[in-house]
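Model the full structure from these sequences, guided by the hints.
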Amino acid sequence: MMVPLSHYLVLSGILFVLGAVGVMARRNAIVIFMCIELMLNAVNLALIAISCNLGDMGGHVFVFMVMTVAAAEAAVGLAIIVSIYRSRGTVNVDEIRLLKW
Amino acid sequence: MIPFFPLLGAVINGVVGRQLPRQIVHWLACSTVFMSFLVSLYYATCRLPGLEEGHVLKNTVFTWLAVGNLHAEAAFLFDHLSMVMALVVSGVSFLIHVYSVGYMHGDPRYSTYFCYLNLFAGAMLMLVLGANLPIMFIGWEGVGLCSYLLIGFWFEEEEKASAGKKAFIVNRIGDFGFLVAIFSVFYFLGELDFISLRVAVEHGAADTLKAGWFDIGSFGTPMIVTVICLCFFLGATGKSAQLPLYVWLPDAMAGPTPVSALIHAATMVTAGVYMVARLNFLYVLSPAACMVVAGVGGITALYSATIAITQNDIKKVLAYSTVSQLGYMFVGVGVMAYSAGIFHLMTHAFFKALLFLGAGSVIHAMSGEMDMRKMGGLKKYMPYTYWTFLIATIAICGIPPFSGFFSKDEILWKAWAHEYRVIWALCWVGAGITAFYMFRLVFMTFHGECRADEETKQHIHESPASMTAPLVILGALSLIGGWVGVPALLGGANRIERFLEPVFEAATPVLAKFSHHSHAQEWLFVALSVGIAAAGITLAWYMYSAKPELPEKAAKAVQPLYNLSLNKYFVDEIYDATVINPIVKTSDFFLWRFFDVWIIDGTVNGMGRLFRDVLSQGLRRIQTGVVNSYAVYFLLGVLLILGYMLWPF
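First to last, the sequence lines map onto chains H and L.
In this text, residue positions in the first sequence follow this note's numbering: the first is 1, and each later residue adds one.
In this text, residue positions in the second sequence follow this note's numbering: the first is 102, and each later residue adds one.
It cannot be assumed that every hint is accurate.
Said to hold, decoys possible - Per label pair, the in silico range of CB-to-CB distance:
1. H:G13 with L:T704: 49 to 57 angstroms
2. H:V82 with L:R694: 51 to 59 angstroms
3. L:I742 with H:L5: 24 to 32 angstroms
4. L:L736 with H:V82: 22 to 30 angstroms
5. L:L736 with H:D94: 15 to 23 angstroms
6. L:G726 with H:S83: 55 to 63 angstroms
7. H:E95 with L:V733: 15 to 23 angstroms
8. L:F696 with H:V76: 16 to 24 angstroms
9. H:S83 with L:E260: 54 to 62 angstroms
10. H:V61 with L:G726: 16 to 24 angstroms
11. L:V727 with H:L5: 36 to 44 angstroms
12. H:D94 with L:L692: 48 to 56 angstroms
Said to hold, decoys possible - Stretch-level coverage of chain H by chain L, calculated; a stretch enters the list once three of its residues show a Cβ under 8 angstroms from a Cβ in chain L:
13. 18-28
14. 88-97
Rather than coming from a laboratory, the hints here were simulated on the basis of the structure.
We put the beta carbon where it would ideally sit given N, CA and C, even for glycine.
Below, the structure written as structure tokens:
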């Protein structure tokens with residue numbers, strides 16, 4: 001039995017909103033980071049689902065692209081978080097308000 | 102093709118010269134120039150005589166600029182005039198390159214020196230061989246650059262560095278005139294190529310040029326061609342050191358002596374004369390411009406000769422003598438005796454290069470001493486230098502059968518014959534003074550007692566062979582170089598005039614009416630010129646050799662005049678007071694302290710202050726540093742954009 005497209009899209013929407021709220025509401029940098037990943041993957045899911053539904057490989061290609069970028073971004077982002085923790089002893093974004101007027 | 106050898110040498114020496122051993126550096130430099138000389142010689146002997154009437158040797162390398170109807174080609178022209186110039190330039194350059202090997206042997210920047218010297222030779226050949234005005238201008242600026250680099254070659258000394266700057270700036274003033282003239286030529290004739298220009302002038306463009314241009318009140322309306330010619334001449338006065346722009350040349354003696362010989366005596370400074378001769382077809386249209394050229398030449402010839410009398414620096418005397426001789430050349434081209442001007446240019450290149458190289462040899466022997474009052478009696482130490490120097494001196498004084506006699510006498514005679522009587526008188530007196538100061542130089546340097554201190558005395562020696570060999574060759578040329586132009590009067594055929602005739606055809610009809618002078622008259626003028634030269638020599642001998650105490654008394658007797666001449670008529674001081682100081686003051690107080698600080702800086706700082714203090718007061722509050730709120734703004738922004746894009750649905 002085929003799972004209809006709408007299910008995928010609804011799941012993707014829920015995941016995206018969860019991620020977005022997490023980014024906005026949480027204070028721990030690592031959690032924010034994971035929420036961003038969640039949003040990216042929600043989008044990936046939507047892309048895959050639509051791509052399958054339309055029979056167009058373009059969506060798959062696009063997902064690979066997003067995953068590559070996400071991997072690179074994860075490496076850089078985690079490195080930044082680790083070095084912030086080493087220098088300031090915290091990963092709470094309220095306590096590292098450096099870029100402030 | 103000829104200019105490329107030295108340019109190639111310059112590039113190699115400039116790029117890798119520092120790593121190369123000295124032998125390779127100077128072999129490369131000398132051989133490239135010698136190649137140019139050989140190629141010029143080949144063209145002169147094999148190609149030029151075989152040419153049919155009305156044909157020229159022109160070599161278009163590539164089209165350099167083609168914008169609208171402006172069509173400038175990188176083209177080279179080899180006719181009779183450029184041939185003479187190319188041979189003189191490459192020949193004298195080669196000899197001076199060889200001389201430099203000896204003179205510069207201890208210098209730490211040996212390869213740089215030869216790079217500049219090669220670059221100069223290349224640029225100069227480009228100047229004389231260029232087939233149109235832009236190419237000529239490139240060469241013109243190229244030699245100006247080399248001149249600047251070489252005058253300031255020992256830039257560690259403040260004075261020498263500023264002499265270089267002075268030369269460059271004064272030349273810029275002249276170049277401005279040259280550029281304006283090129284623009285005007287293009288504006289009125291639409292051509293820049295020498296041959297096309299000449300053809301255009303012959304076929305009716307002359308009338309366009311003779312029209313009035315603009316009204317300047319009581320002076321009437323000058324003809325276009327007069328204005329153009331005067332602008333060209335302004336360029337020439339800058340490069341060829343004529344009044345009022347001659348001031349850079351005496352200071353240019355700060356450079357190494359071979360450079361003074363090559364650039365500031367034999368070749369570069371003659372570029373102005375060459376240019377006027379090259380553009381003869383324009384100058385013959387404008388009697389007024391010719392008058393100015395000849396007048397400035399005549400006044401300069403006399404004026405700088407009077408300065409040279411009292412100078413004590415051996416190179417300064419020669420520098421003023423160069424200015425004076427260039428004045429003669431301008432008289433030559435100004436009175437439309439173009440071939441006489443070029444002829445004097447050629448003989449002058451020989452004997453003046455020789456004089457400078459001789460002076461260099463003396464300075465070398467005297468451990469860098471240039472003050473003639475500390476020399477004397479060098480004759481027995483330096484026989485080669487002495488004899489060659491003497492030959493050059495006699496040549497410049499105009500005693501037959503040395504080369505200077507034929508060329509200078511030709512100019513004087515033509516000035517009289519073409520009815521420029523006042524100018525003839527100026528030149529005639531100048532010739533006498535020339536003879537006087539040149540022999541003063543010889544007597545003070547080579548004769549009498551040696552006035553140097555003991556330490557220097559021990560070092561006095563004849564220069565090495567690489568320095569004396571060019572001296573001997575140039576000595577021979579100074580002696581016989583004039584024989585190509587023996588006038589009909591003395592049984593010669595004046596071959597150089599015949600030879601250059603095709604280039605100067607334009608002047609022939611204008612001059613036809615002057616050809617009715619008798620031989621007796623001509624003999625009289627020969628006698629007059631030789632007479633005044635002999636008088637000058639005798640006086641110099643009397644004052645500086647027979648009665649050495651006399652000059653001091655004479656100086657006392659005419660104290661004010663003596664001081665005037667010694668201080669070069671205070672021209673540098675006058676320029677300082679009238680031109681340089683106002684500019685410096687204006688720049689300092691108005692341009693810098695007021696305009697730059699208040700207007701320019703004020704605008705920039707004011708803009709910054711405006712944004713910082715006024716506009717950003719509210720906006721900066723947004724920047725809280727809380728990452729989450731940034732994310733919220735970000736999301737809101739995305740939603741807004743999405744909403745806007747999807748609205749029509």
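We went through each hint and held it up to the structure:
no. : hint                                  : result
1   : H:G13 with L:T704: 49 to 57 angstroms : holds (54 angstroms)
2   : H:V82 with L:R694: 51 to 59 angstroms : holds (55 angstroms)
3   : L:I742 with H:L5: 24 to 32 angstroms  : holds (25 angstroms)
4   : L:L736 with H:V82: 22 to 30 angstroms : holds (27 angstroms)
5   : L:L736 with H:D94: 15 to 23 angstroms : holds (19 angstroms)
6   : L:G726 with H:S83: 55 to 63 angstroms : violated (18 angstroms)
7   : H:E95 with L:V733: 15 to 23 angstroms : holds (19 angstroms)
8   : L:F696 with H:V76: 16 to 24 angstroms : violated (49 angstroms)
9   : H:S83 with L:E260: 54 to 62 angstroms : holds (59 angstroms)
10  : H:V61 with L:G726: 16 to 24 angstroms : violated (38 angstroms)
11  : L:V727 with H:L5: 36 to 44 angstroms  : holds (38 angstroms)
12  : H:D94 with L:L692: 48 to 56 angstroms : holds (55 angstroms)
13  : 18-28                                 : holds (count 6)
14  : 88-97                                 : holds (count 3)
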